[in-house]
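Asker: Residue strings, one per chain:
Protein chains: 2
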Amino acid sequence: MSDLADQIRARDVRAIARAATLIESHSRAGENLLRGLFPNTGKATLVGITGGPGAGKSTLVDRFIKALRARLQRVAVIAVDPTSPYSGGAILGDRIRMQQHHADPAVFIRSMATRGHTGGIAATTSDLALLLDAAAYETILIETVGVGQDEVEVARMADITVVVLVPGMGDDVQAMKAGIMEIADIYIINKADLPGADRLDRELRSVLSLAKRQDGWTPPIVHTVATEGKGIDDALLAIDAFRNSSSKRQRMIASWELRLRDMLRERIVASIPDADFHSAATAVSQRKRDPYSVVQGWIDAIERRKNG
Amino acid sequence: MSDLADQIRARDVRAIARAATLIESHSRAGENLLRGLFPNTGKATLVGITGGPGAGKSTLVDRFIKALRARLQRVAVIAVDPTSPYSGGAILGDRIRMQQHHADPAVFIRSMATRGHTGGIAATTSDLALLLDAAAYETILIETVGVGQDEVEVARMADITVVVLVPGMGDDVQAMKAGIMEIADIYIINKADLPGADRLDRELRSVLSLAKRQDGWTPPIVHTVATEGKGIDDALLAIDAFRNSSSKRQRMIASWELRLRDMLRERIVASIPDADFHSAATAVSQRKRDPYSVVQGWIDAIERRKNG
Chain X
1 MSDLADQIRA RDVRAIARAA TLIESHSRAG ENLLRGLFPN TGKATLVGIT GGPGAGKSTL
61 VDRFIKALRA RLQRVAVIAV DPTSPYSGGA ILGDRIRMQQ HHADPAVFIR SMATRGHTGG
121 IAATTSDLAL LLDAAAYETI LIETVGVGQD EVEVARMADI TVVVLVPGMG DDVQAMKAGI
181 MEIADIYIIN KADLPGADRL DRELRSVLSL AKRQDGWTPP IVHTVATEGK GIDDALLAID
241 AFRNSSSKRQ RMIASWELRL RDMLRERIVA SIPDADFHSA ATAVSQRKRD PYSVVQGWID
301 AIERRKNG
Chain E
1 MSDLADQIRA RDVRAIARAA TLIESHSRAG ENLLRGLFPN TGKATLVGIT GGPGAGKSTL
61 VDRFIKALRA RLQRVAVIAV DPTSPYSGGA ILGDRIRMQQ HHADPAVFIR SMATRGHTGG
121 IAATTSDLAL LLDAAAYETI LIETVGVGQD EVEVARMADI TVVVLVPGMG DDVQAMKAGI
181 MEIADIYIIN KADLPGADRL DRELRSVLSL AKRQDGWTPP IVHTVATEGK GIDDALLAID
241 AFRNSSSKRQ RMIASWELRL RDMLRERIVA SIPDADFHSA ATAVSQRKRD PYSVVQGWID
301 AIERRKNG
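Chains as they are written, first to last, in our numbering: chain X, 1 to 308; chain E, 1 to 308.
Bound-form chain X, shown alone:
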């Protein structure tokens, strides 16, 4: 295992892919690996990129990769698709255009389908990001499809969240206020050459003017036409501005708070054998026991085990 950690620090792409599989399977080996790599992390910037289907996120990501490579950065992409039926590591349709980067060892792309990752999508994404951080990727782009609760949680784990909108979904600005817009650090209006881009811009500004952020950051709105490469540098400048702000430090602490809660939750559940959950559930479903005392009993049992 320490060999694998060394290979990852040495940026060995095959070792990184092997480690990603370990992490996605939530194996103890994956956790031990990350524990060993943790001191090597903290240098990467995690950029979450989210928005509805058809917003052009994959094309944007492709352009970001090119622009960051032109700055000689090492770039990783984690593509999270909560609706995908494929198992971990599958290549999704939209990802095909990214395959041109596969020959470049300084670009690492991982598609993570989330079937079966119930409740743990954000945690797994965060673990993969730690791995890629340790492997010296300087920018890690986390692309999520959709605007549901899963996507919001993944986005909260990033250091910077970019929300991609397109003209012609004006109504959705209202709908989106609820979830993803609360965590947007930067807005991109993609396909900004389409009619309605200015109207969308105005709507967005009026929504933003109503909700001042506690950290003092005002999310900028960047117009792009990703298919033509327009606005990409502006978007990267906006990301840099956030990266250098005090908001980013606050954001990283907030995402670690979420992460620590997640880890504690999973650790405690893993400490109870499946058979115990099954027999307790049977007793509860028959009303022989109540669930509250069952759970309290487990918490008490942690104590006894420590003393045993």
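It should be emphasised that the hints constitute simulated quantities derived from the structure, not laboratory data. Be careful, since some hints might not be right.
Stated by the list, open to error - Restraint ranges, calculated between C-beta atoms of paired labels, are given here:
1) X:ARG28 <-> E:THR21: 39 to 47 Å
2) X:THR21 <-> E:VAL207: 24 to 32 Å
3) E:VAL13 <-> X:ALA17: 57 to 65 Å
4) E:ASP215 <-> X:ARG287: 18 to 26 Å
5) E:VAL207 <-> X:HIS26: 25 to 33 Å
6) E:ASN244 <-> X:ARG9: 56 to 64 Å
7) E:THR21 <-> X:LEU72: 54 to 62 Å
8) E:SER271 <-> X:SER209: 34 to 42 Å
9) E:GLN286 <-> X:ALA29: 24 to 32 Å
10) X:ALA10 <-> E:GLY54: 48 to 56 Å
11) E:LEU72 <-> X:ARG28: 50 to 58 Å
Where is the CB? At the ideal position from N, CA and C, for every residue including glycine.
Once you have looked at the hints, place chain E on chain X.
Answerer: Using the frame of chain X, we list chain E on its own:
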């Protein structure tokens, strides 16, 4: 608080609504109330009703209410909308047609918007269902909008899951295989008078024939035209058949297993002060500590507190 429990057992609608608000706010009072009511639960059948937007779920639910009332049952509805920006208890557009039941004290309808219920939608729904069970509602219909991970988790908490499809979304049968179809106990093809109903039926059967369930249950496919009340009795018969099968007992145990894991997760996180999460997150983000030893330290601290 014991007064409130008594009022709930006495089926006092205003007390039930007040208790629902306590539960949705995740207050300690809500939990204590449910602990006291737990011995009064276990008689209701929880029927999850899910499917994409436009499938006609609300009309179906409305028809189910009427048909169950004709059987002299007390009926409750929990409408869960993960995309709604409204806070708990809001009335959603589609719910308006259900308002005709508001004058009937044997029908209780609660809309639960899920903003801010991060990670706890399914748990809160399950808690509300326990409350309504204790208030002697015999059938509790849990309606969810959409087919994402949140909906799957809500559906897993039900005793019986009904998936509603409509003709003309043939491609979606393939897409849905990933998530919601794995937990469907009964399929309803609603708007079955539209062209394509038979084709959808065939597609569904071919998908079902590929995936035999471990519990031996073969999900029936019921055709309905909810707007005309057609097929509603057939659907209720299918629900009864599942209710009386051994699959339902297995299902209830499985949903309690999920629920106990959820409760343990939340209990353990609640036992750590927010300030501790914040200071640990700060140290981790600065790489002064690693997250794995932080979490282990908390688990150790549970022990010390028990001994203190």
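Asker: Now tell me if each hint is right for this structure.
Answerer: Hint by hint, here is what the structure shows:
For ARG28 (chain X) and THR21 (chain E), the hinted distance range of 39 to 47 Å is satisfied, since their beta carbons lie about 42 Å from each other. The hinted window of 24 to 32 Å between THR21 (chain X) and VAL207 (chain E) holds, with their beta carbons roughly 29 Å apart. In this structure the supplied range 57 to 65 Å holds for VAL13 (chain E) paired with ALA17 (chain X), their Cβ-Cβ distance being about 58 Å. For ASP215 (chain E) and ARG287 (chain X), the Cβ-Cβ distance of about 22 Å falls inside the hinted range of 18 to 26 Å, so the restraint holds.
For VAL207 (chain E) and HIS26 (chain X), the Cβ-Cβ distance of about 29 Å falls inside the hinted range of 25 to 33 Å, so the restraint holds. With their beta carbons about 60 Å apart, ASN244 (chain E) and ARG9 (chain X) fall inside the hinted range of 56 to 64 Å. Judged by the Cβ atoms, the range 54 to 62 Å given for THR21 (chain E) and LEU72 (chain X) holds: they are separated by roughly 56 Å. Against the hinted window of 34 to 42 Å, the Cβ-Cβ separation of SER271 (chain E) and SER209 (chain X) comes to about 40 Å, which satisfies the hint.
Between GLN286 (chain E) and ALA29 (chain X) the beta carbons are some 27 Å apart, a value that agrees with the proposed interval 24 to 32 Å. Taking the beta carbon of each, ALA10 (chain X) and GLY54 (chain E) are about 53 Å apart, inside 48 to 56 Å as hinted. Distance hint check: the CB atoms of LEU72 (chain E) and ARG28 (chain X) are about 55 Å apart, consistent with the given range 50 to 58 Å.
This entry satisfies every hint, going by the numbered hints stated previously.
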